[in-house]
Each structure stands twice: as C-alpha cells, then as structure tokens.
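Protein chains: 2
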Amino acid sequence: MKYSKLFGKTVKEVSGEIKLISHKLLYQAGFIRESVAGRYYFLPLGIRVQDKIMKIIEEEMDKAGAQKMITPVLHPIELWEETNRTNSVGFELMSIEDQRGAKFALGGTAEEMMVDLVRKFNVSYKDLPFNIYQFSQKFRDEKRARGGLLRVREFLMKDAYSFHADADDFQKEYKVMGDSYTRIFERVGLDTVRIESDNGYIGGEYCHEYVVESEAGESRYLIADDKSYAAHEEVAVFKREEMNPDEDELLMEIKDAPRGPTIADGVKLYNEPAWRQIKSIVYVTDKGDFVLAVLRGDLDINEIKLKKALGCFEIRQATPEEIEELGSAVGFVSPLKLTIKKVGDISLKSVKNFYTGADKPQVDTLNVNYGRDFEVDIMGDIALPPTNCKSEDGKKLLEGKGIEVGNIFQLGTHYTDKMKGCNFTDKDGTEKPFYMGCYGIGIGRTMGTIVEVHNDENGIIWPKSVTPYEVHMVTIGSDGVVTKKAQELYDEIEKQGMSVLLDDRDERPGSKLKDADLIGIPLRIVISNRTLEKNGVEWKERTDKEAKDVKMEDIISEIKKFYT
Amino acid sequence: MKYSKLFGKTVKEVSGEIKLISHKLLYQAGFIRESVAGRYYFLPLGIRVQDKIMKIIEEEMDKAGAQKMITPVLHPIELWEETNRTNSVGFELMSIEDQRGAKFALGGTAEEMMVDLVRKFNVSYKDLPFNIYQFSQKFRDEKRARGGLLRVREFLMKDAYSFHADADDFQKEYKVMGDSYTRIFERVGLDTVRIESDNGYIGGEYCHEYVVESEAGESRYLIADDKSYAAHEEVAVFKREEMNPDEDELLMEIKDAPRGPTIADGVKLYNEPAWRQIKSIVYVTDKGDFVLAVLRGDLDINEIKLKKALGCFEIRQATPEEIEELGSAVGFVSPLKLTIKKVGDISLKSVKNFYTGADKPQVDTLNVNYGRDFEVDIMGDIALPPTNCKSEDGKKLLEGKGIEVGNIFQLGTHYTDKMKGCNFTDKDGTEKPFYMGCYGIGIGRTMGTIVEVHNDENGIIWPKSVTPYEVHMVTIGSDGVVTKKAQELYDEIEKQGMSVLLDDRDERPGSKLKDADLIGIPLRIVISNRTLEKNGVEWKERTDKEAKDVKMEDIISEIKKFYT
Numbered sequence: 001m002k003y004s005k006l007f008g009k010t011v012k013e014v015s016g017e018i019k020l021i022s023h024k025l026l027y028q029a030g031f032i033r034e035s036v037a038g039r040y041y042f043l044p045l046g047i048r049v050q051d052k053i054m055k056i057i058e059e060e061m062d063k064a065g066a067q068k069m070i071t072p073v074l075h076p077i078e079l080w081e082e083t084n085r086t087n088s089v090g091f092e093l094m095s096i097e098d099q100r101g102a103k104f105a106l107g108g109t110a111e112e113m114m115v116d117l118v119r120k121f122n123v124s125y126k127d128l129p130f131n132i133y134q135f136s137q138k139f140r141d142e143k144r145a146r147g148g149l150l151r152v153r154e155f156l157m158k159d160a161y162s163f164h165a166d167a168d169d170f171q172k173e174y175k176v177m178g179d180s181y182t183r184i185f186e187r188v189g190l191d192t193v194r195i196e197s198d199n200g201y202i203g204g205e206y207c208h209e210y211v212v213e214s215e216a217g218e219s220r221y222l223i224a225d226d227k228s229y230a231a232h233e234e235v236a237v238f239k240r241e242e243m244n245p246d247e248d249e250l251l252m253e254i255k256d257a258p259r260g261p262t263i264a265d266g267v268k269l270y271n272e273p274a275w276r277q278i279k280s281i282v283y284v285t286d287k288g289d290f291v292l293a294v295l296r297g298d299l300d301i302n303e304i305k306l307k308k309a310l311g312c313f314e315i316r317q318a319t320p321e322e323i324e325e326l327g328s329a330v331g332f333v334s335p336l337k338l339t340i341k342k343v344g345d346i347s348l349k350s351v352k353n354f355y356t357g358a359d360k361p362q363v364d365t366l367n368v369n370y371g372r373d374f375e376v377d378i379m380g381d382i383a384l385p386p387t388n389c390k391s392e393d394g395k396k397l398l399e400g401k402g403i404e405v406g407n408i409f410q411l412g413t414h415y416t417d418k419m420k421g422c423n424f425t426d427k428d429g430t431e432k433p434f435y436m437g438c439y440g441i442g443i444g445r446t447m448g449t450i451v452e453v454h455n456d457e458n459g460i461i462w463p464k465s466v467t468p469y470e471v472h473m474v475t476i477g478s479d480g481v482v483t484k485k486a487q488e489l490y491d492e493i494e495k496q497g498m499s500v501l502l503d504d505r506d507e508r509p510g511s512k513l514k515d516a517d518l519i520g521i522p523l524r525i526v527i528s529n530r531t532l533e534k535n536g537v538e539w540k541e542r543t544d545k546e547a548k549d550v551k552m553e554d555i556i557s558e559i560k561k562f563y564t
Numbered sequence: 001m002k003y004s005k006l007f008g009k010t011v012k013e014v015s016g017e018i019k020l021i022s023h024k025l026l027y028q029a030g031f032i033r034e035s036v037a038g039r040y041y042f043l044p045l046g047i048r049v050q051d052k053i054m055k056i057i058e059e060e061m062d063k064a065g066a067q068k069m070i071t072p073v074l075h076p077i078e079l080w081e082e083t084n085r086t087n088s089v090g091f092e093l094m095s096i097e098d099q100r101g102a103k104f105a106l107g108g109t110a111e112e113m114m115v116d117l118v119r120k121f122n123v124s125y126k127d128l129p130f131n132i133y134q135f136s137q138k139f140r141d142e143k144r145a146r147g148g149l150l151r152v153r154e155f156l157m158k159d160a161y162s163f164h165a166d167a168d169d170f171q172k173e174y175k176v177m178g179d180s181y182t183r184i185f186e187r188v189g190l191d192t193v194r195i196e197s198d199n200g201y202i203g204g205e206y207c208h209e210y211v212v213e214s215e216a217g218e219s220r221y222l223i224a225d226d227k228s229y230a231a232h233e234e235v236a237v238f239k240r241e242e243m244n245p246d247e248d249e250l251l252m253e254i255k256d257a258p259r260g261p262t263i264a265d266g267v268k269l270y271n272e273p274a275w276r277q278i279k280s281i282v283y284v285t286d287k288g289d290f291v292l293a294v295l296r297g298d299l300d301i302n303e304i305k306l307k308k309a310l311g312c313f314e315i316r317q318a319t320p321e322e323i324e325e326l327g328s329a330v331g332f333v334s335p336l337k338l339t340i341k342k343v344g345d346i347s348l349k350s351v352k353n354f355y356t357g358a359d360k361p362q363v364d365t366l367n368v369n370y371g372r373d374f375e376v377d378i379m380g381d382i383a384l385p386p387t388n389c390k391s392e393d394g395k396k397l398l399e400g401k402g403i404e405v406g407n408i409f410q411l412g413t414h415y416t417d418k419m420k421g422c423n424f425t426d427k428d429g430t431e432k433p434f435y436m437g438c439y440g441i442g443i444g445r446t447m448g449t450i451v452e453v454h455n456d457e458n459g460i461i462w463p464k465s466v467t468p469y470e471v472h473m474v475t476i477g478s479d480g481v482v483t484k485k486a487q488e489l490y491d492e493i494e495k496q497g498m499s500v501l502l503d504d505r506d507e508r509p510g511s512k513l514k515d516a517d518l519i520g521i522p523l524r525i526v527i528s529n530r531t532l533e534k535n536g537v538e539w540k541e542r543t544d545k546e547a548k549d550v551k552m553e554d555i556i557s558e559i560k561k562f563y564t
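As they're listed, the protein sequences go chains A and B.
Using this note's numbering, you'd call the opening residue of the first sequence number 1 and step up by one each time.
Using this note's numbering, you'd call the opening residue of the second sequence number 1 and step up by one each time.
Chain A with its partners taken away, still in its complex shape:
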C-alpha cells in the first residue's frame, strides 16, 4: 500500500477530551474514527489489525474443534421473553419493531438465538458435543461509553456456544476453551489473568474473565500472592477473621449517642475500630420491597452479591424519607427493630458485642450479638473485599485492575430448561436438555487493549502477530533512483507474501519518520541516496533505539527471520 493513497492518514491535533492512550494513538495514527459516542469506524489500517486478531481467534477456535457460523443481528424478541432476559438485561437491550409489527432485540449476546437454532434439529447424543461460534456485531445501550475501543455501544464479538450431554462433558470443553483463550491472548501479545467473575445477565453458575492488567481497566480483582486464587472484586470471597473471639458477650445497653450518621462518626465517639459497629443499609428492590442489608462496620456492601442473594435485577438505597416512614432514623438504623427482610453478611459472626443504632436519632445500642439479639432472613457473603484481606485459605490477596478482554461461562441448563424443546435424544431414548457453555471475546476491545499496553511516547508498538503491515518502508528524497529501488523492494517483499506500507509522500523526512513511529509497525526500512550508496537500507525495529544498515541482498531473509 502506498501511504500517499491510504485513506485515513495521521493527524497532529487530538481533542482534549481524548483521555485514554489507546484512544489517542488509534485516532491519531489513523486506525479508527468515532461516528457518535461509542460507535466507531475502523479505517483501513484498523481493519487490517482487526482481521489479524480475528484470524488468530479463528485458528484457535477451529483447532479446538469449534465450528464457525452466523446468526442474524435482529433477534425475535419472543426468544428473549422465553428466558425472561427482556427484564434481566434491562436498559442495555435495544429493541426495534418492523413495519409488520414484529419486534426484535438487537443482538447483545446470542444464547437464545443459538438455542433456538439448535432446537430446529433432531439432535442425538451421537451429534454431541459441538461448539458453534460467530463473529457478529453486538449492541449494548450503555449509559456511558468510554473513549476509544474499551467500552463501546456497538462492537464485533466472537461468541461461542457449546452443547453437551452432561456436566462432565462440558467441563472438558470449559478447559479446552480456557486454554484456547490463554493462547489466543498470548498470540495477540496480551498477558492475561484468569479471574472468577460475575455472570451478569448471562446466567449460569460460574464463569471466568480474562483480564489484562492496566490502569485503564474497569475490572478490579483480587489475586492470591501465589496466584492460586483470582477473582473479580464483585465475586471474590475472603476470610472474615474473628476480631475479638476472647471477649465475653456483654449485656445489651441503650445509650445516648451524640454523633453524626456515619461509621466514622461512631469510631470517633467510642474510640473503637470500625469493625465494632454494625452497618445497616435499607434497600428497595425492583419489586418495591424494603430490605435491610447488615454487615460489619469496616466492610462495604457488594450490591452484586446482594442482588444475587435477593434474586432480583435492580436495587437502590432507600431515601431518608423512606427510612423514617419505616420507623427508623437515618444513621441509627439497626437490625433490632425493623421487621423488613434482612440479609446479613457472614462477618456478623466475627465480632462480639457490636455497637449499632437504636432506630431513634442520637441513640445507640451497645453489646449487640448476632444470634443472641438478632437474626437475619438470609445469611451469606454480601461484602466487598477490603484492602489487605486474605483468601479463605489464608493467603494474602493483592489488588489488581485490568481490562476484561474475554470471558467464559458455564450455562448448564439455564437456557435449555427455559426454552421449550431444546433437548437431545440420549442413548436410552429419553429426551434431555442440553448442558451448555458460552465463550466471548470483544474484538475491538482486544485491539484497544493491545495498544493500551504496547506503546511508548512516540506511538503504538504493534506486536508482530497483529501489525497492519509487516514493513513500513520510507523513502527519503524524491530522487528517481530512490523511488525505483523502493518500488523494486516493495514488489519483492510483497511477492514473498508479506505486506508493505510504503510512505512515498513528498514530505519532510522527520515528519515521515514520526508518522512511522506513531503508526507502530514493528519494522521500519528507510531508503535514501545515502543508504543506496552503501547498496542497502536503514533498518530500524520499533522497539530499538538504534538503526542499522542492511544490504539489499539480505533484506528478504532478514525480514523473514524477524517475523519468525
């Protein structure tokens, strides 16, 4: 490709609103352009990277025995109703009606579509297992789109769905896919951590995220210092250590409490650590019910765990007015008096003689003990892991932050139970629901992440595996001989099956070299009168500081060596 004819050249200015380095570089170097917030054009350079990422994914999926196919983008809404996801997905689902009144969801994920397809066939145990996948455009009506490719409203996704006779067979595939994912990300130049995570609206019992450590990420996770455990903070389990096991349970006591409404105010008043207090938060569920979440004062509520414990899709904190109407007082709510449903964190068992409010302003209750003085309707894990906590088996948990680039889900019979007739005929002739898993990778986000972690002050540094072109050739001087030699070399390299971006513009050398750094192709070759005097080129690898001379006759073999 001649750079003079490439559509989507580099630009000097970047809007101050562009914050992420990957966004800035992909924009400036001419890989992407925003249409409107969260919706991107992939320019010719960008699509070449995307194609390479897709090819690697396809190779690994095929090697793992998965079969590529594709579903329509518009999903009949009836299918999403069958699984009740029109409710659970909430605001993220976009839907549309055609002129005949038929309603469709714009594909967000394709579980229902794949299940609906599979149930059109008479599948027998002999046909199992199979794993079908697609690359298809996905839509998420996100409230906030972030800059660049990391969180968008429309994106290409590789999503795979596997169908099995039973859990054992699924487990094998879950491992195969997990290994494929690790290999895919390695091949595109990304080190990933595999963490347990929340399944969101996908459903199923467990799942894992593949995360690339990065400050730009939105996934916060905890990882044991020996890496034996890693989990998203939303689902991470941690040890609630006994805080005062040797104390005796004291008599409950009501006391005037001249303090503000927060845990910190209680710490100040009593000069006792935060764990001494009970934190009680009133929530309202999506069904309009009041619920009291109760946990140790030094911990914070994990709303995802709380929603799961309650089996609801949305919750919000009650307003001060609602708390008063319930007969309590803001900042002095306790689990002692209110008769609404209570959900307690297991940390309630780790402290003796808690302090808490008395459901009246400026009055506290001291020496409250779980079990003796109050109970909860649901006891479980509803807390966010605090800093410096430990895993259940006592290992130190370190905090990490990263970008989620892929995830794999156990689905079990979550969909095939809900959707009628999605069964296979087993050996004994009985009909059984498929046992399923699903597996996703966001292509654009993978590309954004690669740039987020592979760059320097001068621009992108593409991993060799996904570079848009193998060679960035730059001519210096508009000398006929230089042009001719460059063209000959260009033809020769392309003949060998490698691709070249030839910057043939009549521009200042400095600006052409700067553009080459910005675009980030791993190998830059400069041809000028000076290099031709020595019958060669100037060879510079993007990650090296220094250039070197390479003779004309050695170039092809050197390039091949570089790329193997």
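Hints listed in this document are in silico derivations from the structure and should not be mistaken for laboratory results.
The reader is advised that the hints may include incorrect statements.
Below, computed lysine-lysine pairings styled on BS3-like, alpha-carbon distance capped at 25 Å [claimed, not checked]:
| id | chain 1 | residue 1 | chain 2 | residue 2 |
| --- | --- | --- | --- | --- |
| 1 | B | Lys512 | A | Lys427 |
| 2 | B | Lys55 | A | Lys2 |
| 3 | A | Lys432 | A | Lys418 |
| 4 | A | Lys12 | B | Lys427 |
| 5 | B | Lys5 | A | Lys120 |
| 6 | A | Lys548 | A | Lys484 |
| 7 | B | Lys175 | A | Lys5 |
| 8 | B | Lys9 | A | Lys126 |
Covered stretches of chain A (in silico footprint by chain B; criterion: 3 or more residues with CB under 8 Å from a CB of chain B, positions within the stretch not fixed) [said to hold, decoys possible]:
| id | region |
| --- | --- |
| 9 | 1-7 |
| 10 | 32-40 |
| 11 | 62-74 |
| 12 | 106-116 |
| 13 | 119-126 |
| 14 | 139-150 |
All C-beta atoms, glycine included, are put in the ideal place defined by N, C-alpha and C.
Could you slot chain B onto chain A? The hints should help.
Chain B alone, transformed into the frame defined by chain A:
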C-alpha cells in the same frame, strides 16, 4: 471436518412452502436455516461458502486498489436527514432510539456514513482518488421476503464508495469496478449480464445492475440481439414506431360509445388496434396532487419512470370516487378536459387520430391529435417496453429475467452537495465537493444465485471456487482398516492445504452417497474394503455420471490437478 460432528446435517423433509430450488437445497443440505421470514442463520457449511465468496471479492477489490474498512451498523439519523433519505427510502428504512433519545437508522446502504467519515479529514487532491469498501450487515424492512437468500430483510453486503476530484476520474473507476465485478462473478461461477438500471433511492444519474439469467429472478430486462444494449425494463428505452404516418389529421368528433372501461373494450367496439386509443390514468402523488399520465393505448405505464418525471417518491392510482370528483368518468378519462398536471409519453407523437374518452360515461372523442388538440406539461418516456419492441437504433430487443447480484452507481455530487463540508482542497486551493460512485454486491444473494443455477435433481453442484470443502470423503463399512486409511488420507490432504469433509458415520452407504450429492462438493472420494483391495479409492466428480478408480499414490496429485 468429520461429518459426524458437523453441526447442521442434511434433512429429508422440506416444508411445502419452500418454493425456490436454491432455498430447498441450501436448507436440506444444511447450509442455512431461517430464524424468521427473511432472516437467516448461515450454518457451518454455509459460512464456509460465504467466506470463499468474500475472499474472492476482497481479492478483486484489493487488486483494483480499493481499501477495506468498516462503518458502524447504526447510522445517526441526522445524516440520513441531511440527504432527505429518511423520506425517499420510505418504508424500507428501520430506525431505533437509544435510552438517551438518540435516533439511528439501521444501515441499509452507507453513503451518508462514508461521506460523514470522509469529511472528518482534511482531504487534498493529492489524496484522491480513493475507494473504500466494507462487508457489513444491511437491513431492509421489505414488505415481502422471498424464500431463501434471494430477497431477505437482513444480509451481508459488500459496499464500496469511491471519491474523486471530477467526473473524468470517476469514469475510470467506474470502468475498473465494472471489470472487477464481471471478474468476481465469473470467479464464483456466475455468468452475468450488465444492464442499465434504476438507481432507486441511491440517487445519481446512471447505474448498472449485474444480472444472472434465471427464472427465479425479479429483474426483467431487455437486451439487444447483438448485446449492444441491455437495460432493466424499468429504465429501458425503446423506439416508438410511427403507427399511421400517412393518415391525414381528421376533424375531432364526439360520439356515443356503448363500451366497457378498458382499452380492450375500445378495441372491440371500434375494431381498431389498441394503439389507436389513448390511455389516460389519474394518479395521486405523495404530496396529494392529482396527475394525469397519458400514453398510447397499447403501452403500459412504467411507474418508476413516471415518479422520476414527477420528482416524487410514491404515487398511487386515483380511486373511482376521486376520478368522478375531478369531473371525469372511469374508463372515459381523456387528456382533453381535466386541468390537472399532465405527463405524456413520447408515444403520443406516433399516432394520428387517436380515440379517447370524453370525460363522460359512454361517450368517446375520436380523431384526437397530440399538439393540435391537447398538450401535456411534461413530455417524456413513461412507458414499459412492450413485447417485441426495438431499441432506439432499431435492434430487436429480447426479454430476459434474472437475479440482480450486484450493482454499480454513479453518484456524482448527489451526496456531497447535500452534506455540508464534504469537500477536498484542489490544486488551486479552492474547496470542491467530491465526485462519487458506489458499488454493491449482496453476499447471501450471490450464494443463493450460485445454487439456483448450479444444481441437478440430486442436489447442489458447487463451483470449485466456492465449494465448502475440496473433498467429500465417504467411508463404507466400519472396518478398522477403512477407518484408518481414511484418516491417513484425510490428514495427508489437509496437510496439502486442502479441506476434507469426511463422512465417518455408521450409516447405510446409499444414504451417505445421497448426502454427498445433496451437499454438492465437486469431488467425492469413497474408501471401502473393495477400493482398498485395489489400493485405491473410488473417485467421482459431482458433474460426472461415472466413478473411476484412483490409486492411493496418485490421489494428492489428482486432487491438485482437479483444483487448478
């Protein structure tokens, strides 16, 4: 691929509602499944064919210097409003609103999106010309979807858009694209006719369709017997021969006419050919205006030409009540009395002494002459070509019917004039609007068309270039030796870079061979104890009646020969 593990096997029964042969075969052989009317899954076999078609298109587009990229699927509706296509596209455009109230069109074609992208850049004449293309999902809210892949509501399309400094430069690209299209269709096994056609809601001054002759097609066209002219019936121009040049113009005469309302009734009454009469049809435009279309009695109105002559998007015939309210009579409308806007076909000049109604029931006017007795506001070509007509230069026009698989459009400055700021900087420093063209190929329709023309009573016959697998290998008998030899050969062929579908099922030989014919891979290889006795295989080409024996050691070279 082992057929036993392939998702999407052949089925025996086909619903009686499936009419098209391509639909029937693609369904039965396991290439596609319908989600809902007009929206299809491409199964693993189908996607392999689609990938091959796409690869051929991509190769030819790249060879022609076009650059692949991609736009979002959701197009901000404001862009379609800029060009007024929210009105002109009418019912076919699907639109959607997100939770923030932003409106989008689901991409039907991408002229606005590409123009909007290009105007984000400072383009100079030095950057021109360029041609950018994408493969992307397109949506058309069709009233009727036909069976199979020939007319659907959602499909993958290759759409390209070229940007030029002027018409001359565009003309070169139009030719290059035209040649590329011919080559693309040749390579996928389709003979195309290139015909002039209507640009519909795309706009511009001229365009061409690529049509594959087929009874299943919806494009009716006329082609000169020497192929020097070919055009869709919607735009075809034809010669209006003088019917009675030697007659003298007679005096106009009002006469009782005891006849029915049709031209045929007039023919019967007067015993004169249909051309003797004037056909006058009252239309109502999308703005609510009445219009009278007037043409020779033996011709039919071409509503597309009529709409173009009127510059409106939709028209409908007036109701009998409306005709009476205008002061005329159904079946006796004439161009003589009504004062509404009149559009006349040039055929009005080819007859002397027309007969027509008198705008009263059962009364006619005879010897009416255009020019002498009435005029029209717009005179032009608004007729459908009749059977056995001639081209303007006197050649016999033959009728054809076919499937439109691609089209190319001159757009000129149709979009860049309407959309603000879509200019480039010319040599002299002035800003000029881009001169554009666009070029589309429907991928699914291309696949459906291939099957429509390449099949026999036993199934599909894939052209070698787009076959899902190169070899369909069938084992007969579940003998360990057969299985082992088949696996060895399978591995060997795949190692050579060719792909094999191995039917390893424990099924009756007859049913496996039948499936092979149905699926339509060009080359079938059978391995059985019988063939192994002769140290070989049975080799049968899909288009041959007879099989032959090929020795094991010759197979690879024979396959290579077959595929070159």
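Now for the hints, and whether the structure bears them out:
1. A hinted pair counts as satisfied when its Cα atoms are at most 25 Å apart, and Lys512 (chain B) with Lys427 (chain A) qualifies at roughly 22 Å.
2. Of the pairs offered as hints, the one joining Lys55 (chain B) and Lys2 (chain A) holds, with about 22 Å between alpha carbons and a cut-off of 25 Å not exceeded.
3. Taking the CA atoms of Lys432 (chain A) and Lys418 (chain A), the gap is near 13 Å; set against the 25 Å cutoff, the hint holds.
4. As the CA atoms of Lys12 (chain A) and Lys427 (chain B) are separated by approximately 22 Å, the hinted pair is consistent with the 25 Å bound.
5. Between Lys5 (chain B) and Lys120 (chain A), the direct Cα distance comes to roughly 17 Å. Compliance with the 25 Å bound is thereby established for this hinted pair.
6. Between Lys548 (chain A) and Lys484 (chain A), the direct Cα distance comes to roughly 22 Å. Compliance with the 25 Å bound is thereby established for this hinted pair.
7. Distance hint between Lys175 (chain B) and Lys5 (chain A) is fulfilled; the C-alpha atoms sit about 19 Å from each other, no more than 25 Å.
8. Of the pairs offered as hints, the one joining Lys9 (chain B) and Lys126 (chain A) holds, with about 12 Å between alpha carbons and a cut-off of 25 Å not exceeded.
9. Using a Cβ-Cβ cut-off of 8 Å, 5 residues of the region 1-7 of chain A lie near chain B, which meets the minimum of three, so the contact claim holds.
10. Three residues within the 8 Å Cβ limit are the bar, and the region 32-40 of chain A against chain B gives 5, so the coverage statement holds.
11. Chain B is given as covering the region 62-74 of chain A, and this holds because 9 residues of the stretch bring a CB closer than 8 Å to a CB of that chain, at least three being needed.
12. Judged by the Cβ-Cβ criterion of 8 Å, the region 106-116 of chain A is covered by chain B as claimed, because 3 of its residues qualify and three suffice.
13. With 3 residues having a Cβ less than 8 Å from any Cβ of chain B, the region 119-126 of chain A passes the three-residue criterion, so the hint holds.
14. Interface restraint, the region 139-150 of chain A with chain B: holds (3 residues with C-beta to C-beta distance below 8 Å; minimum three).
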